[in-house]
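Engineer: Those sequence lines, one after another, are chains A and B. In terms of full-length UniProt numbering, the first sequence opens at residue 1 and continues consecutively. In terms of full-length UniProt numbering, the second sequence opens at residue 1 and continues consecutively.
It is worth saying that the hints were derived from the structure and are not from the lab. Honestly, I wouldn't trust all of these hints.
[To be verified] Just the calculated beta-carbon pair ranges, DEER-fashion:
#, chain 1, residue 1, chain 2, residue 2, range
1, B, T291, A, R486, 46 to 56 Å
2, B, D313, A, Q495, 12 to 22 Å
3, B, D379, A, E317, 41 to 51 Å
[Stated by the list, open to error] With a straight-line cut-off of 30 Å between C-alpha atoms, the simulated DSS-like cross-links for lysine-lysine are:
#, chain 1, residue 1, chain 2, residue 2
4, A, K494, A, K151
5, B, K46, B, K273
6, A, K213, B, K296
7, A, K295, A, K376
8, B, K300, A, K492
9, B, K273, A, K213
10, A, K494, B, K486
11, A, K490, B, K296
12, A, K494, A, K191
13, B, K59, A, K213
14, A, K376, B, K486
15, A, K299, A, K420
16, A, K420, A, K490
17, A, K494, B, K300
18, B, K483, B, K160
[What the hints assert, rightly or not] Away from chain B, derived, C-beta distances all over 10 Å, residues of chain A:
#, residue
19, D49
20, E185
21, N203
22, V214
23, P230
24, T243
25, R270
26, I345
27, G375
28, K376
29, G406
30, V491
31, M501
Quick reminder that beta carbons are idealized off the backbone N, C-alpha and C, glycines included.
Now for the letters of each chain:
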Amino acid sequence: MSGTDHQGNGIPHLPSERLLIKGGRVVNDDLSQYADVYVEDGLIKQVGDNLEVPDDVRVLEVNGGLVIPGGIDVNTCLMKPHLGCPPVDDFYLGSRAALAGGTTMIIDHVTPQLGDSLLEAFERWQESADRKCCCDYSLHVDLPHWHQGVKDELEVLVQEKGINSFQVYMSYKDSFQMTDSQLYEVFSFLKELGAVVMLHAENGDLIAQEQSKVLSMGITGPEGHSLSHPEELEAEAVFRAITIGNRVNCPVYITKVMSKTAADTITQARRRGSVVFGEPITASLATDGSHYWSKNWAKAAAYVTSPPLSPDPTTPEHLHNLLACGDLQVVGSAHCAYSTSQKAIGKDDFTLIPEGTNGIEERMGFVWDKAVAVGKMDENQFVAVTSTNAAKIFNLYPRKGRIAVGSDADIVIWDPDRTKTITSKLQQSAVEYNIFEGLAYRGGPVVVVTQGRVVYEEGEGLRVQQGSGRFIPRQAFPDYVYQRIRTRNKVKGKQGVSRGMYDGPVYDVLATPQYITPSPSAKTSPTSHQPPPIRNLHQSNFSLSGAQFDDNIPRRSGQRIVAPPGGRSNITSLG
Amino acid sequence: MSGHSYQGKKNIPKITSDRLLVKGGRIVNDDQSFYADIYMEDGVIKQIGDNLIVPGGIKTVEANGKMVIPGGIDIHTHFQMPYRGTTTVDDFSQGSKAALAGGTTMIVDHVIPEPGNSLIEAFDQWRSWADEKTCCDYSLHVDITHWNDSVKQEVDTLLKEKGVNSFQVYMAYKDFYQMSNSELYEIFTFLGEMGGIVQVHAENGEIIAEEQARILEMGITGPEGHVLSRPEELEAEAVFRAITIASQTNCPLYVTRVMSKSAADIISQARKKGNVVFGEPITASLGTDGTHYWSKNWAKAASFVTSPPLSPDPTTPDYLNTLLASGDLNVTGSAHCTFSVAQKAIGKDDFTQIPEGVNGVEERMSLIWDKAVTTGKMDENMFVAVTSTNAAKILNLYPRKGRVAVGSDADLVIWDSDAVRTITAKTHNSAAEFNVFEGMELRGAPSVVICQGKLVLEDGNLHAISGVGRFIPCTPFPDFAYKRIKARKQLAVLRAVPRGMYDGPVSDFSPMSRGGTPSASARTSPTKQPVRNLHHSAFSLAGPPTTEDLPIRPAGRRIVIPPGGRSNITSLS
């Protein structure tokens with residue numbers, strides 16, 4: 001596997017540190033306990049009291065601080081090009097920012113363009129990340145199109161390359177957008193492979209209509225982005241995606257839950273038993289869409305992302321409530337940072353503004369500040385939504401997302417009282433406008449350990465090595481997602497009713513194709529070329545209806561056959 | 001309007017003015033009930049009150065304290081509907097007789113033009129069929145089965161000149177009637193401006209097509225395949241989508257055939273959020289369920305085939321009746337569309353070929369009375385609202401129809417709330433061999449039906465006359481739906497933020513690149529031309545643009561500080 005190959009491909013590996021984290025409270029998603037943690041060779045070797053450890057280990061005295069699994073950011077776009085320009089934060093800058101915020105693993109989106117090979121795109125991403133990334137990473141692959149060749153590539157990606165999650169788009173008309181039929185096929189196919197289907201859920205057809213309407217009204221600034229992407233279009237697409245997921249019995253993962261209505265739709269579907277997961281992002285959890293109306297174009301444009309931030313200022317709080325109660329499961333950042341000059345590509349037309357906001361560094365801090373510090377959420381749930389659930393959904397658990405013997409030594413020592421005010425001057429990201437500029441949050445990492453090495457200490461800053469991140473391959477069929485699906489597959493078989501042949505009269509049908517109850521398109525239906533107009537063998541003994549060939553003209557009701565020859569009883573062949 | 005000119009055109013003898021007095025009844029409207037006598041003349045109610053002064057020698061009907069309600073309006077029928085070279089077995093005469101026998105004095109039929117054909121021609125065709133045969137007043141909905149500029153013109157004409165204010169679009173029947181989301185958006189926008197009512201057949205056609213293929217592949221070919229391939233969540237999904245589009249375009253929405261609990265719930269939730277949406281359950285969904293699709297008797301199972309299908313959940317009828325009583329669903333139709341067994345048998349080897357439609361025009365009012373009023377879910381006033389008044393309001397025919405009041409049409413029913421009858425195909429007025437309500441015992445039935453001021457049902461005898469039915473033109477902008485829409489239109493104006501020109505640096509980009517944030521399609525975006533920045537020449541940091549499309553670039557290439565310093569990035573503020 002490429003993940004393991006990587007060790008040998010010439011990148012110097014730092015001597016592994018032996019580390020003892022002493023006197024901390026270890027917080028997992030299920031319980032918190034006071035324990036020491038001993039780390040060696042990048043793995044957690046012992047957890048407990050009075051550990052027997054070698055003498056020459058480095059000891060970190062935590063004094064009762066929280067020791068949590070490093071965060072997993074499930075949604076980053078560090079290489080997603082916009083009209084040929086890559087974002088300003090690449091794997092190096094992006095992963096530095098992640099580590100500075102307490103996130104020790106990222107899952108980036110591979111975004112091939114229309115017509116590109118998925119495998120080639122995947123390899124480009126992997127090559128770049130192997131060279132630059134400072135923390136462990138994995139990759140999602142986005143599907144820009146759908147045809148037979150894509151299926152073969154998907155099989156290779158799932159079975160050989162360690163990819164188990166793929167994103168499809170319901171938005172971006174005439175480009176990435178898939179029709180409902182295609183979604184049905186993609187879902188059916190990926191479910192067989194045991195992959196997680198991720199959706200960018202917005203109704204692209206309606207957005208295209210709204211965009212042209214808004215542009216024709218002379219609105220060209222970033223507020224047009226928000227006006228043309230109203231949140232109901234997000235909710236609609238979420239609803240549709242869940243419906244298709246239910247039909248196919250395929251789990252559905254909604255990326256970027258940005259609005260209350262979309263989140264509520266997910267909540268309701270979970271109440272009805274659908275296997276669906278929702279991912280709010282840093283931006284939707286910490287700020288709102290009122291900034292699209294800023295007089296400062298560059299500031300307004302910095303907020304442009306899809307689905308957009310909701311102008312409803314109560315949105316962040318609502319999303320935090322749902323995270324706390326488990327209706328939403330994971331927090332990503334959707335970090336995709338473009339410089340102001342890149343955003344300015346769309347200065348005369350909001351539809352051309354590159355979409356993406358920052359948030360990789362601020363992600364964990366905001367969840368702590370807005371949910372834990374105010375008592376919505378406890379520390380265990382905090383670990384669940386920032387790390388453990390992501391590891392479970394994407395089949396990394398318990399290697400990632402847990403502090404336990406045998407797990408990777410990705411550990412964060414968290415200070416719940418530290419406060420930080422966000423400003424673009426102090427951030428790791430290269431973006432000029434931080435959308436959280438001026439906001440403050442409580443809670444932040446004091447020490448970050450990744451792969452068993454201390455890479456961040458408060459006061460001393462980051463000590464990372466470019467290219468030290470490993471690709472973590474992921475197996476198909478994550479239990480957290482697929483256990484229920486498997487059981488439902490078994491119990492949900494459909495059966496026909498066994499009846500005798502119908503042997504009554506059959507109306508003779510003109511074979512004008514115009515009139516046919518539409519059957520599925522030839523492309524998808526293996527049965528559509530099956531029975532041409534049905535000819536009934538019993539037809540010859542059916543004389544009452546007489547001249548049927550002029551039946552295309554409206555006829556009076558007397559023409560109907562109330563009692564067929566032989567009497568009514570034989571209409572029903574069996575009892 | 002055409003409705004009036006008709007009387008003269010066809011030379012149908014105008015029956016000498018019928019004068020009628022209904023005495024001793026309790027008038028039930030949607031707002032109140034009271035005891036009063038009713039005097040009618042020339043098909044119009046002239047006086048209401050006690051001790052009326054009326055001419056001598058007129059016919060008097062004794063109501064004996066029974067309820068006198070406005071005649072029912074069945075807002076959804078398919079009489080004489082062409083289907084693959086045949087027609088439904090109930091034509092306008094047979095169908096409207098069944099309607100009158102059940103207490104319904106007006107029907108609204110759907111005109112279904114074949115895709116590609118003229119809407120107006122189809123409308124004229126339906127008019128001529130109905131004028132010739134209908135025994136009660138009628139109006140027409142027109143279904144929009146394809147969409148282009150000429151259809152738009154025709155819709156405009158139908159709205160303004162032909163007396164049609166409601167148009168149905170289909171979200172199902174892939175590759176046939178089905179409209180794309182973009183088309184729906186355009187239709188909704190257009191009708192929202194013209195004051196029409198958009199009716200939707202809400203089911204996700206694309207997924208149904210996939211499911212049908214899958215079910216057939218599994219070897220299921222009987223009528224149970226119909227319901228298996230059209231699960232109720234596909235109905236709910238389409239309802240949700242239709243509501244979203246209607247809300248975006250600020251257009252009132254009418255969902256025909258609400259068949260399932262989940263679809264009804266979506267409507268109910270949307271109404272709580274303020275959407276202008278109306279739901280129409282039909283007789284079948286209010287009275288029976290989809291368990292019959294598994295009947296061993298093919299012909300019986302096939303007689304239940306309709307789209308969206310009846311829900312296999314047996315608690316559905318009760319639930320829909322409850323929502324009807326609470327006002328979350330507003331009107332009831334029958335979607336009466338009957339095929340003979342031989343016609344249904346077209347699909348004997350493939351459920352996708354079974355003609356779709358169930359009966360219900362005759363049973364509609366009794367069924368609601370039995371399921372909702374006698375059980376105490378609904379009062380008699382609400383009964384009048386959901387069977388008649390609300391439909392009249394949506395069609396903009398209120399108070400001419402849907403109310404017992406001076407000046408209203410004399411379409412009245414004396415309702416016997418204690419009458420009990422058993423539904424069976426042997427005695428029903430439809431020509432269909434099967435009745436989906438077979439064997440049901442229903443309390444509540446009309447004892448007298450007065451249509452156009454004439455007694456058509458009395459003492460169990462039906463005296464309906466074919467061809468007396470008039471076309472009642474409906475006008476656009478019904479207040480019931482449009483008052484709120486109009487007010488919202490005035491508020492919902494989008495405004496741009498006034499800003500100075502952005503005068504900072506602009507990244508160079510390749511407009512031809514396949515990648516990038518996709519913008520609206522060329523067809524719809526007026527500003528599609530690639531944006532070339534005039535300031536571009538002043539921007540030297542980016543280096544030669546020829547290397548731009550390399551996927552990976554060193555991070556150093558980005559422009560953190562543009563020439564001129566950071567401060568001028570923001571031109572104003």
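Engineer: Is the straight-line distance between the alpha-carbon of K483/B and that of K160/B 30 Å or less?
Structural biologist: Roughly 19 Å separates the two Cα atoms, so the pair holds.
Engineer: A cut-off of 10 Å on Cβ-Cβ distance, and R270/A was said to be off the interface with chain B. Does that hold?
Structural biologist: R270/A is indeed farther than 10 Å from all Cβ atoms of chain B, at 14 Å.
Engineer: Can you confirm whether the C-alpha distance between K494/A and K486/B stays at or below 30 Å?
Structural biologist: violated, 49 Å
Engineer: K420/A and K490/A: Cα distance at most 30 Å?
Structural biologist: violated, 52 Å
Engineer: Beyond 10 Å from every Cβ of chain B: is that where the Cβ of P230/A lies?
Structural biologist: At about 7 Å from chain B, P230/A fails to clear the 10 Å cut-off, so the statement is violated.
Engineer: Has the given pair, K494/A with K151/A, been kept, meaning a C-alpha gap of at most 30 Å?
Structural biologist: holds, 27 Å
Engineer: For T243/A, is the shortest CB-to-CB distance to chain B above 10 Å, so the non-interface label stands?
Structural biologist: violated, 4 Å
Engineer: Tell me if the straight-line CA distance from K273/B to K213/A falls inside 30 Å.
Structural biologist: holds, 24 Å
Engineer: Take the C-alpha atoms of K295/A and K376/A, compute the straight-line distance between them, and say whether it is at most 30 Å.
Structural biologist: Given pair K295/A, K376/A is violated - Cα atoms ~34 Å apart, limit 30 Å.
Engineer: Is it the case that M501/A keeps its Cβ farther than 10 Å from each residue Cβ in chain B?
Structural biologist: violated, 8 Å
Engineer: When you check the alpha-carbon spacing of K213/A and K296/B, does it fall within 30 Å?
Structural biologist: violated, 54 Å
Engineer: Regarding the assertion that D49/A does not contact chain B, is the least Cβ-Cβ distance greater than 10 Å?
Structural biologist: Holds, because the least Cβ-Cβ distance between D49/A and chain B comes to about 45 Å, which exceeds 10 Å.
Consistency with the previously given hints fails for numbers 1, 5, 6, 7, 10, 13, 14, 16, 20, 21, 22, 23, 24, 26, 31, ordered from lowest to highest.
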